[in-house]
Amino acid sequence: MKLNLAQWGNKLHSGEKTYPIVQQRKRWFLVSGVLVALSLLMLFTKGLNMGIDFTGGTEFRVTDTAITEPEEARAVVAELAPDETARVTILGDNDVRIQIGVLDEDTAQQTAREITTQLAEAYDVPEAQVSFTQIGPTWGASVGKAAVKSLVVFLVLVSIVMALYFRAWRMSAAALVALAHDLIITVGVYAATGIEVSPASVIGFLTILGYSLYDTVVVFDKIRENTANLTSQHRYTYDELANLGLNQTLVRSINTSVVALLPVSAILFIGTFLLGAGTLIDISLALFVGMAVGTYSSIFVATPVEVALRDNEERISAHTAKVLELRAAGESDVAISEDGEVRVGAVDKGRHQGTAAQPKRKKRKG
Amino acid sequence: MARVKNEARRALTWLGAIVVGLYGLLAVGVVTGGASMTPSLALDLAGGREIVLTPVLAEGSSETIDQADLDQAVEIIRRRIDGSGVAEAEISTQGENIVVALPGNPSEETVALVTQSAQLQFRPVLTVSYDPTATTESTDEASATATDEATDDASAEPSASAEPSTSETAEPADEASAEPSAEASATADASAASEAPAEGTDPSSLEWITDDVQAKFDALDCTDPANLSGVTPGDPALADAVCDETGLVKYIVGPVEMDGTDVATATSGPEYNSQGSLTGRYEVRLDLTDDGGDKFAETTGRIKDLEEPRNQFAMVLDGVVISAPSVSTTITGGQASITGSFTQESAAQLANQLKFGALPMTLEVQSEQQISATLGADQLQKGLIAGLIGLVLVVIYSLIQYRALGLVTVGSLVIAGGVTYSLIALLSWTIGYRLSLAGVAGLIVAIGVTADSFIVYFERVRDELREGRSLQAAIDHGWRRARRTILASDAINILAAVVLYILAVGGVRGFAFTLGLTTLVDILVVFLFTHPVLMLMAKMPFFAHGHKWSGLDPRQLGRDTMYKGRGRVARLDQPTLAERKAAAAAAAAGGTEAADEPSETVDARPEGEDNR
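Those protein sequences? They're chains V and R, same order as listed. Mapping of the first sequence onto the UniProt record's numbering: residues 1 to 366, in sequence order. Mapping of the second sequence onto the UniProt record's numbering: residues 1 to 612, in sequence order.
Worth flagging that the hints you see were computed from the coordinates, not collected in a lab. It is possible that part of the hints are untrue.
What the hints assert, rightly or not - Below 30 Å or equal to it, Euclidean Cα-Cα: the simulated BS3-like pairs (lysine-lysine) are:
1. V:Lys17 / V:Lys362
2. R:Lys304 / R:Lys216
3. R:Lys581 / R:Lys539
4. R:Lys548 / V:Lys17
5. R:Lys581 / R:Lys216
6. V:Lys26 / V:Lys11
7. V:Lys11 / R:Lys539
8. R:Lys548 / V:Lys11
9. R:Lys216 / R:Lys548
Using the sequences plus the hints, can you model the full thing?
Below is the structure:
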């Protein structure tokens with residue numbers, strides 16, 4: 001498998017094998033467009049299932065109990081907080097989570113304490129094994145606000161950094177489009193599946209931003225390198241060189257994604273099967289979805305968008321026209337396969353050229 | 001060649017020095033106490049109670065809460081908690097909120113201490129007792145001078161010169177030991193009353209000292225920290241026995257005459273004399289409201305002629321006397337200045353305390369979380385298992401992908417792990433950082449991010465090999481390009497971490513902290529370990545000749561011949577010139593012609609790609 005992947009990588013690098021991702025960008029734009037539209041639709045119709053950290057509420061958690069009967073908890077809540085309906089979830093093998101709404105402010109402390117005692121009794125564990133979290137509605141709102149604020153600040157700063165780094169607004173714009181794409185789809189997955197959004201998931205969302213950009217930066221770096229002397233040659237178009245760069249970084253993209261996803265999957269696995277819902281699983285789920293989407297977008301969204309933007313640039317479009325013109329006239333020595341694909345990178349195998357290989361006289365086109 | 005080696009060795013030496021330095025520092029910390037080899041854990045891993053409080057102003061108040069007020073509130077809560085005997089409580093501000101983390105399962109009383117609001121009261125001093133063991137000077141013997149509208153006016157001057165503050169504060173210790181004992185016994189004799197006096201009695205009257213109050217006063221031990229914080233202020237309508245902030249003085253004070261609502265604001269600054277020049281001392285200026293000014297005039301008018309110490313009024317914040325200046329004139333106009341042996345710092349502190357006391361602020365519980373110790377331990381354990389599994393998976397994958405080169409990844413991850421661990425342990429010692437579950441998640445995610453930078457580097461080197469460079473040149477070129485990419489992406493990560501750390505609240509910060517920290521460690525390791533090690537490895541025949549298990553085998557990368565320049569092409573399966581010579585010297589044989597291989601490899605790369 002290794003050998004195949006290495007050979008595959010070699011072929012991708014030399015241009016022997018190329019996936020026409022940039023050329024087929026309309027197809028990928030359509031796919032992404034549909035996904036984004038679906039995500040937005042889910043977001044606005046179904047909405048996110050915000051956790052009690054955002055809405056306010058009270059959560060109890062009984063750890064390490066032999067009894068995992070939801071009814072026990074419901075009975076306790078019905079007795080002590082009759083206005084509340086308890087949502088009881090069994091986590092893992094022996095944890096029970098009980099969620100109720102915001103308790104009456106004046107007696108919240110006391111009620112919470114009583115419920116804790118009763119739960120400990122009902123589930124036959126020492127009181128020390130019952131945890132509780134109580135969150136006021138205003139605090140929840142402020143947590144949400146802080147998250148949105150940091151998102152906006154981060155985006156602004158990142159736009160500045162990207163613009164400085166690439167010194168080309170089109171690349172920054174394309175990177176940000178990919179970023180928005182990742183974020184919307186990840187949030188869309190949360191909306192569609194109805195998985196609870198906690199502050200930890202928000203951490204995950206925000207980390208995706210960094211990761212998605214990271215991936216895009218690597219691809220763009222290679223494209224920049226390939227197209228640095230674009231106008232001094234008339235063999236390949238910008239599209240083709242960008243596509244080569246994309247293909248050349250494909251192995252790296254896959255490797256980095258796998259390596260980044262492995263630890264995240266480990267958390268997700270442990271979280272799901274051993275620990276039950278909590279900080280770890282919330283972070284890792286968001287990261288898992290986001291990283292997967294992020295890898296996709298750095299390949300199928302960021303570069304195609306960048307090329308689409310670039311093609312509108314006069315310099316580039318003039319160059320492309322020139323290249324195609326030469327090619328049509330048969331004056332270009334590029335290898336074109338049967339299905340009309342241009343082989344970028346290595347041309348045909350060398351042959352002896354005789355005097356043709358000698359330096360040409362000046363003022364004649366080479 | 002030697003240059004490369006030296007460079008690599010120097011980098012590795014630096015890294016070694018940094019690692020030894022970090023652990024050495026940690027060891028010093030452990031030996032001298034205070035530090036621990038293991039990082040301290042946050043509440044969600046250690047178990048305990050976390051309470052988030054938001055200061056809320058009374059409705060209609062036009063005041064604003066600034067950082068100084070928050071710090072003051074934190075200070076008051078800390079003193080209360082420390083006084084109650086709960087160890088290792090962590091109280092901090094986050095944005096506009098105050099986060100109190102109490103270990104274990106604190107009692108309701110302790111929790112109540114946190115949420116109770118601090119009150120500022122002005123009470124007349126009835127009697128004073130100095131701690132006989134106290135030898136340090138008591139710094140709070142300030143006195144109020146009348147500084148009404150005509151503050152700088154010469155007319156205010158006589159009072160300033162008449163008041164005894166300078167002499168008092170100059171030798172507070174002497175006076176402390178000499179005078180008060182007599183005073184205290186005298187007042188004790190005088191106050192035989194066992195019942196609270198009727199309403200309308202002069203608040204400075206010694207009749208307020210009932211048997212109860214006297215008993216409390218006698219029993220009051222101001223060296224006990226419990227009495228220096230969070231003391232529930234006694235009935236405002238009765239006398240009470242309270243301690244001084246420093247624990248050196250105890251007072252019996254009369255009923256409350258004014259409270260925080262009567263104070264408009266308080267400021268501190270250098271003291272000016274009547275000529276408007278600096279005296280070199282500091283003062284605290286107290287601005288009262290109209291209502292407060294009237295009350296203050298009444299109080300000062302009454303007590304100015306009383307004998308020591310009844311000419312003092314005590315400012316009691318949260319049940320502790322923060323200042324008890326003596327008064328020699330009636331202070332009208334609602335402005336007073338407190339002078340005495342203030343330093344700039346102590347003046348500012350008193351002003352802050354008074355200003356804080358003036359705020360109509362209550363602390364509202366926003367969220368409360370009780371984590372049982374078993375849940376915390378469970379989460380830590382599972383988190384570590386998850387991290388271990390993630391690490392093992394990454395190691396396996398990189399060994400499959402990069403073979404021997406994968407070992408560099410493993411080594412780099414180990415070094416990164418070691419540095420990160422020591423940094424976290426050091427930070428929990430120096431700045432009190434506590435590792436939370438979100439922080440652990442950040443560390444696990446960082447494994448992937450750190451490994452990513454190695455992959456970017458290795459892939460780059462492989463790319464260069466594919467283009468036909470020798471390993472040395474490939475590492476050189478690959479490094480120069482990968483460095484840029486790694487720095488750019490790490491910069492973005494750090495940016496994300498900083499933004500999150502500054503703006504977000506709660507658990508998000510713990511995550512941002514570890515993410516930022518590990519990103520920095522990543523840069524350190526890539527520059528000081530991964531790259532130097534690769535440079536050194538390029539010298540080893542195993543890698544330089546592209547052994548098939550080295551992960552840098554040009555044949556597997558699609559190259560079996562290499563253009564060496566000047567029309568020469570080298571085949572990798574053939575020995576180099578140096579080796580040939582060595583072989584020839586050894587066996588007087590061997591050595592094949594290398595120069596007349598077909599120049600197949602001098603092929604076209606896309607133009608514009610090979611531009612250096």
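- Item | Unsatisfied constraints (hint numbers, rising) | 1, 5 and 9
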